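In order, the protein sequence lines correspond to chains H and S.
All residue numbers for the first sequence refer to the working numbering, where the first residue is 538 and numbers rise by one.
All residue numbers for the second sequence refer to the working numbering, where the first residue is 23 and numbers rise by one.
Be careful, since some hints might not be right.
[Unchecked claim] Below, a sample of chain S positions facing chain H; criterion: calculated Cβ distance under 7 Å:
(1) Leu31
(2) Ser344
(3) Val345
(4) Trp391
[Said to hold, decoys possible] Straight line, CA to CA, 30 Å or less: simulated DSSO-like cross-link-like pairs of lysine-lysine:
(5) S/Lys63 x H/Lys636
(6) H/Lys636 x S/Lys737
(7) S/Lys63 x S/Lys739
(8) S/Lys121 x S/Lys353
(9) S/Lys739 x S/Lys346
(10) S/Lys634 x S/Lys590
I should point out that these hints are in silico values taken from the structure, not numbers from a laboratory.
Note that the coordinates shown come from a computational prediction; the quantities given were computed from them, not determined experimentally.
Positions of the beta carbon are idealized from the N, C-alpha and C atoms, including for glycine.
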Amino acid sequence: MSTNLTTIFGNEIKVHLQPVIIDRQYSGFPGAHGLTAMHMGSRGYPLTVTGKLASSGVNYTAARAAVRAVIDGIEDYLFADAADYVFFGVTYYSVVWEKFQLLPDGTGKVFHYTSEGYCTADFIMLGRSLL
Amino acid sequence: MTPTDAQFLSRNAQRLIVEFKQAVNSPPIFDTDWDVAWGAKVDRIEINAGPRPSVATFWFPAERWNADVSFNQGAMVRIRTDEQSVSDRTVVFCGFVTKLRSNFFGGTEAQPSFERLAITALDHRWLLASTSPVFGQLTRGPDDYENYGTSEQSLITNSKTWLSGRRAIFNEAGLPNKDPVEVGLENEGSTICEIPIFTDTNKTDSTAAEYWTASDMLRYILCRYFNAAYNYIPIPDPAGLKGLDHADFNKVLNHIVIDGLNVIDAAAAVCNHLGWSFRLDFENDDSVNLVFYKLAAASARTRSDTSPTILHRLHAPAVNESVKDAVEAGKKMLWAMEFLEDSAAVINRPIGLGALHRFEFTAELVPGWLDSALVPDTSESNANLFFTEADLQALTDPNSKDYYKYYHVRGSVFKRNVGRRWSLNESGRYTNSDTYDRGLPFDFADIIPAEYILDDNGKRGYAPFKRVLLPCLTADEDSLNSLGIIVEFSFDAGVTWQSIPSAISSLADEAGIYIDEPNLAELVDQTEGDISGGTLDGVQLNFWTSLCDDIANSRIFKDKDSEEEEAKPWNTRLRVTASIQLDRRLLTRSSTAGPNESGSPFDLSQLYDFSKAYGLAKRTTSSSFSDTSLPVNQADDTAKFLTHIEAVRRANQDQSVSGQFTLDRLWLGDGSGEPDLAVGDCIEKITGRNYSLAATLNSGDVYPEIIQIIYLPDKQKQKLITRDLRLAEVLL
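Isolated chain S (complex conformation) (with noise of 0.2 Å):
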């Protein structure tokens, strides 16, 4: 076998040629043929993984900095190897001119002058984001079907309809949302893919919404519907790409919002729930393609379809070794290098915050009113008491009626509060207090199972705060929605219970409901009946008439355990089931890393709000529906959360390890067609030195992986940037 170029102590520098097509026409049309650039020199070229662009510089030596070098703003570029055979040149680089900087320097005595003009390039990652958002959903409509809503309902071939008002969220809150039956999009004439699209979640005929895998997901966005930069980087069917075909991409992904972003974010961003990342490959046939890979996964030596990433090994010579050998042998030589091997970053106990506990509950609210703001009018042997709207609308003067003119919401002095605003007292607002006497603030205690709301100790869980209630845990047995915030009255101080159908609102400042209802002599006792003793003998029973008759009879509202209370208590009572948050969340520490885990001694925090992730819900017993058998909403995250948090602390337990390796030359392939060294490569080890960069990671050995390599051709030098190691550790 012939040796080549890296197997010799005398090296030839490796030569770039800068070839280009002139931008034509907006949107431009490139010629199929490449000029050459003959005076570029090329300064510098990144490569970049996941959605960064690569960046390519080049300049022209010969040129003065206002020369007209013919390359215009969009100019399709290619940088490779100078081989006489196109099979075996590497193509290190290729994209689009996005900016021609100018620069010139008048010279001091230290400092000679110099005139520059330069050109900056950037791949088809950067067009892909530039020209390529991704919003609003790609479904069926009603015109996708023939015989739409009929029993003879059929789909029309590749029909779709693109809503811009639906945000694309894949799996939106846990639940499905992807047609069963995939779309075929054609290109100029002829399909040349099926993609899954968007449905509605509550389908529930034969064609039920399905959940979006990952595959799927990267399929819809890759889709020529969403390429606008297809005639530059076509990509007939996304299923195709390198890398797709592996079964981590079967894994379902919830709620994945990538409205708003552009094609190369959004494919990151399903990207990152899985530990895998993408790179842009050059071929030498002018074909560019989006390869995936996962992350820090490296096991191969040799690239090959199946295995895009390889493992390396740089060689830093032994102390008085001889380079001789080890050059001869063409292993890459470890010119300079920075390694940080760093444990200030460790994260061996992490906490993780979950959301506030919340419980579903039914509870008894408290008048969040003085009794003396309630005068009920008993002249005319009643008559005055209450009016109907009926009556009301008969009157000329409504205002002259105490009863419109207080208690109504068009009364002319009109008292809010009374009657209508209820309150559970939660923190003790309606307590105790020289106005309101309305018995013990509320004990949360009384509620919710002990295991929850008390402490090692003993002692309650929360404070006397103001809270706000929140709609039921329990749902509609159709719709699968909450039921909302329920209100129940009772006019026989609690023993039987009633729903009223009116205008309830939750109030914001406190746990408690306002009645909205215009007039509460409208809120009716569902058995029709009339008062029975007192000074409202015989009056019409409604919720009005209960107040008045409490308040006539001088019944007392106090805590119902109260003696004042149990011997002449109110008859008018209100209840509520709805959910509360607590001062509680669900919080999660992770255990101590075992003996020799962690890359620090010390047990090092951090906190990790999953507050959206993760949460505990209960509908507690006390709830009205607890018996019942509709749905209920409830969650407890526990351990779940904790699976997380472990998979946190392993990910970060061990020290952060990153580093910079600048080799003494440039590796591109030595006439094998592709660079030696591609990004989501990893570095295996430092042989000569004997020093390994592997790191234990869940029973298996992960490697610093390459996120950037930067070719200096000036230099003849090339870096490899690796990334901390325990950012490619995927979360779960």
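One chain only, chain H, in its complex shape (with noise of 0.2 Å):
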């Protein structure tokens, strides 16, 4: 069962999957040209999801605290085992979190204000698809 993105970081967001990581080992022998190289074996895909977490509220502060609150919702996927995500249709497998950051903007806030009781932030969130 997969879950989609969506739910998880809205619907402002962009999803990239980069090409396999290789793993490779050389072994060089002194004096001469060349190297051997072991193929240890991929590292799997790296997922990059970017995009704007909203809330609103009766004012900043709520809205401020709401956001906070997807935030917390998304940590927790940090600690979550391998799973299966879906977004516009393509499933990525086996994708463990390894870092989510908030964006500041160029003053450096995190938390914009936007209107009265709406409130963004800018995120990335990387992960990795292991098969």
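With the hints in hand, could you dock these two chains into one complex?
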């Protein structure tokens, strides 16, 4: 059963699956030209989710607290076992989440006041599809 | 021929699969099928030679330290390559779980946290060593025969007796103790093999004991009877083990003590004497086999039943060489190396220490008491001079008699040395002192041939230290046991000698004897004569009265050559035939190594104590047995000892060569079903740099021998550990 990424991050997200990471080890030999390479296997596909978290409330403080609650929910996924996720019909298999980071704007602010009772925060979530 | 992965510049990491069988019950029963532990990752496999078991450690990257991974203690573990076909797979390790290792670390800013659950397994050698001690002797008792002791005595098939109190020593003291008739061993009702067993060394009938060969010993040690791990490593007939059919195992080895060892250490003890070792080979059909091989003797390049060890060439590319050609040729690329050629440990002038020289001789002893301490009671016309035991029993107060009071062991004021202590006077204790004056110290040069007692300058090679008398080298004709220490008496100043049955012991603090007989007057002259002349004229001649006669007549006991004694010597004399150890020992120095023979320009010595193996023991012409036909346990091991020391020199005169070689990949057979390298294999040379590792030993080439292989699957590297070449040499 796959979890839709929008249920975690909302609708204002972009999802990127990077090509597989290859783990290769090289052995050199003193004085000689060339190496042997040992293909140690792949290390999964980096999965990046970027976007904007947005919440509203009766005022900015309440809206910001609501964003904070969403972030708490996202943090839980950092401890989760590998699971399948789906976004726009594409399934990402056996994904574990490694890092979640809020992105400050040019003034250093993370939680943005847009209008009364409305708060947003830009983020990046880094994960890895194990398969 | 399809190139293998080893021949590509870009290789694939080789995967190792961990399989297991749970240990059920005690002792454990294992399922026939293997389960795969998919979550296990092999950390390290260490393959060892000889009695040391191989060790494998694997862990579970996805598990917590306290996870239940279904591996219980004793579970059987197999680590293999992952080829599809069973026959293509290489079983790298097989053994039993002995350690569950949990650890975790909370982490710091500098180091990440971790949790780890690892499992260590040891191979079947551990199980054999831990379950199968060897002690006692397997032999035949009276109930192993029909009609035992009669002329119709016959063996009962496969019947034997194990005796816990007899030490398991093959060819004890160099004498044969193997029963010439082997006994059959059964397993589940059928005879699986015949093995030699122990018998009495001294048997002289048609079934006289034979010598154990090394092969006999190993067949005995590794047989079903002592193998308590037979269900896990069955060796139905040890004679069929690979390598045991080599002629080296037909050698007779003397005094091999295995009592108290386990079967693996006992097997190693036998092999060590031959310059052989063994390893455990894991087959892909689930069998594990002990394979015997000669140390550093690999000469073939292809492994076979007759060549269990092979030579390898490792490749360290030449300067500016491209690695491409070497890799495509399938050479074993050497990624790292530590190689040590050490001359500091060279021994090219060994010195062997044998046992102390021992000689059997006959010599007179001197009284170890003062003349003044013996006062004959000549009262009542010598009626109180002595009493026989029968006389004493009739007395109500024997202590009223001086003889009993002072000179009988039960006397109230017993003078314990008088008449009883006699010494060789080898230390000069009874010479020229204020109290004693028994003549010159004993001169060993009088009884021992000059070649053994005098040095090149004619100096005597001993000093006046106290010694002890040892049993004769001369032995009894029937039992072949030593005759012990023989004491003879003379009552005519040494003209004639006689043996008188009596209790006599050897002194512990000097070379001498002590007469334990309670009543010295009971030591009667065998001619049953009387004393003639003097105060004691007509008195019965016995040891006590003879002493009294000497004292009463003021005779002198000094050196026989002294004028005083010559004029009036004691009639009472004691002489002893015994053996004694002197201050020199069998000492052997090797010859000097020839030009370019040694790894060091210096003469480097080391003492080797072989005092239990070699010695010089002679019966001198002074011994009263020298003209008899009695057997004598003489030995002069000089030549044999020199041969041994020369072998020690040859084995140790070259540099110590040891190394650690790391290959750039795992050489697991690439589908051949067996690993490319095995312990016991040798490294002939390092190609590319054209560096030969051969050393000349006894006009043959020997090479560093692999004694340990470490597989590091995580790094996909393989380490080969070689040992000092010099240890590979057979001593004799």
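Hints broken by the structure, by number, lowest first?
-> 4, 8, 10
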